[in-house]
Amino acid sequence: MTGFLQQAITGLMIGSLYALVAASIVLVYKATHVVSLAHGQLVAFGALFFWLFLGGLGLPFWMGLIPAFFLTALIGLLIERLTLRPLIGQPLIAAFLMTFAIFIALEGVFVLYLKGQTRALPTFLPEGNLDISGLSIPINQLISFFVAILLFAAVSLIFKYTKLGLGMRATAEDHRLAQSTGITVRNIFSYIWILSAVVAAIAGIATANVMDIYYMLPYIGINGLIVAICGGLDSLLGALVVGLLLGVVENVGAAYLDPIVGGGVKDVVGYVVLLLVLLIKPYGLFGLVRIERI
Amino acid sequence: MGKWSAIFLSIILAVCLSVVGLSSSSFAKDKEIAYLSLADYTGPIAGLNVPADMGLEDYIKEINSKGGVDGVKIRFIGIDTRYDVARGVSAYKRYRRTPKLLVVNSIGTPIGKAIARLIERDKRLQIVPGDGEFQAHIGRNFIWGPAYQDAFAAMMDWVMDDWKAKGKSGAPIVGFISWDSAFGREPLRGGKEYAESLGIKFLPPEFFPPGTLKHDVYLTRLEKAGANYIYAGGVEPTPTNVIRDAHALGLTKKIQFLNGYWGATLLGIGVHAKALEGTAIVSFFERGEDALKNKLVTDLWKKHRGSMDKFNEVYGMGVSWGMTCEAGLKTALKAVGYEKLKADDMYRAYQKLGGLDKHGIQGPCAYSQTSRRGSLEVKIYRVKDGKIVPITGWRKAPDGVSLHKF
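Respectively, the protein sequence lines represent chains A and B. Position in the first sequence counted from 1, then plus 8, gives you this note's numbering. Position in the second sequence counted from 1, then plus 51, gives you this note's numbering.
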């Protein structure tokens, strides 16, 4: 039982990272209905900027965090202004493909900068493990986990109780109706990209704290996308629940099924979950089912 | 077309023609052969390939600056395949008609295997990583050093020595964790048989997808199975990341971690020195402190790359590729001269390079008509106080390849 719980807890820690990446994708979808593939790169650049300020320039934690957020948000804003805004009114597939193109372009910059090397974030969270009745939990990952939960709560509160959140919700419902009530939809698009980029940066820093910064980091965006789709592309709660669930399923699956099937469970489990969810609930587990009147 | 447009176009045409004329006349003057590197500069093994190709390119520059090999210069062509087989094959097809293309260096085993048939058809040679098949089925593919299973077997010899030195009785239990790919599994094809022949209890191996976020699940399974030693395979930064996770789990205190020759380098140590402390590494080329003491290699680095801050010992391996090419070309030119020189002559020349000294970067070359191993010797290193120090001298790696039926 302890073995199972240990794997499940490790899975929860990893799952919280997936959930954060998924949240950044969901935020953009909620307001713009664009499924973004570019967020994997925002995750990577957020981590890279943080490393540059913290590890490269040796700035203290907060002095590194704020400019990292600012620069990642700037990239998010530029993506929206320069590449997606001209596509307003065009089929959504055009915007989707544009985000794919952005992923490829930013990946070029990312790998050229790294030149195959790894960058490890300096220690900025307490090290060591918390031992609770035979279960070992890395303290830094536990902190990342709680930060993820708090961030979800904060973003949900912004959506529910602020004027900006109301504007975002109205925009998500219907762009024209929102415009007619005095909401500047284009500004909302910019704000949402800035917010999602900051969430992606937090996801990137938390992930890099576990896996370092190297060429594979942006590909956590794929896990984030799986989680976002399974949870329901417009559901933050879905991103959180499915993210945690996927982390646990991956880890526990690898622990117990690998010896039976000869390995490779972690590779496929996410896609199996995605397939099953889409077959049973095409709008995701927590997604809003859209009914169109004909 | 207006008068000014016609004059402008005429000038452009004249400039283009003169440039073409100049360059073709300069080509005519130089005797030259080509060396094609199907490299990975931005993909999963770029951390090793970039410095290796830097070493090769710098060594070639040195040769060319001295007038070439018996007057024949070497043109280095580096193509970034990103460790992708399709890109590798496509790049080879694109460059295969390059005049006097004598050597092809395929950075990844999958690319090497994919173009092996084309290499055979073109009567050329390629140099490749350490997959045992290249030795088991003698062809035109020359391994950079010993095969993966040979190096793994040498590491198992050291495990036995270490076990005895610690005063332990019985047989050690060894775990293996690596990429879930043909490359990741290769050390076991012959290596596992060798380990078992020594009496080592070998645990079911653990494989994971490259880029895995955490390796805890695999490591804890090996720990629970009672591993005394764990061999972390894959290419940097993977082995370092595996040991980083093991360190976080507290496993490095009770289990001796081992790396293959694509394991931790000076740069990996710079990132996770604390976690890697004590790790043993088997290598066919000089690493760490040894590499830093190799004057030929460090002088070359300083001359072409400047500060030693970013020095990576894999640079030396690239230099040794250059030395092999230089010696092969010298032998081929002696046999047929430049005018008649074909790729097939270089292939024959490479088979005569046995015993070639590589300035201590690696053991003497072992290429012959029956051997495709770049060298037979390995050294065992250990991470100590944040440095990679040798704990053995050069020792012959056992023949792991012959223990497996390919």
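Keep in mind the hints are simulated off the structure, nothing from the lab. Backbone N, C-alpha and C define an ideal beta-carbon position, used for all residues, glycine too. Certain hints may be false.
Here are a few chain A residues that face chain B, going by a calculated C-beta distance under 10 Å [claimed, not checked]:
no.: 1; residue: M21
no.: 2; residue: I112
no.: 3; residue: L114
no.: 4; residue: E115
no.: 5; residue: I228
Quiz prompt | Hint validity - A:M21 Cβ closer than 10 Å to any chain B Cβ | solution = Holds. Min distance 8 Å.
Practice problem: With a cut-off of 10 Å on the beta carbons, see whether A:I228 makes it to chain B. | Solution: holds, 7 Å
Self-check item: Status of the hint placing A:E115 at chain B (closest C-beta pair under 10 Å)
Solution: Where the cut-off is 10 Å and the nearest Cβ of chain B is about 9 Å from A:E115, the hint holds.
Quiz item: Regarding the hint that A:L114 lies at the interface with chain B, is the smallest CB-CB distance below 10 Å?
Solution: At 13 Å from the nearest chain B Cβ, A:L114 fails the 10 Å test, so the hint is violated.
Quiz item: Taking 10 Å as the limit, does the beta-carbon of A:I112 come near enough to a beta-carbon in chain B?
Solution: violated, 12 Å
Checked against the numbered hints listed earlier, the structure breaks hints 2, 3; every other hint is satisfied.
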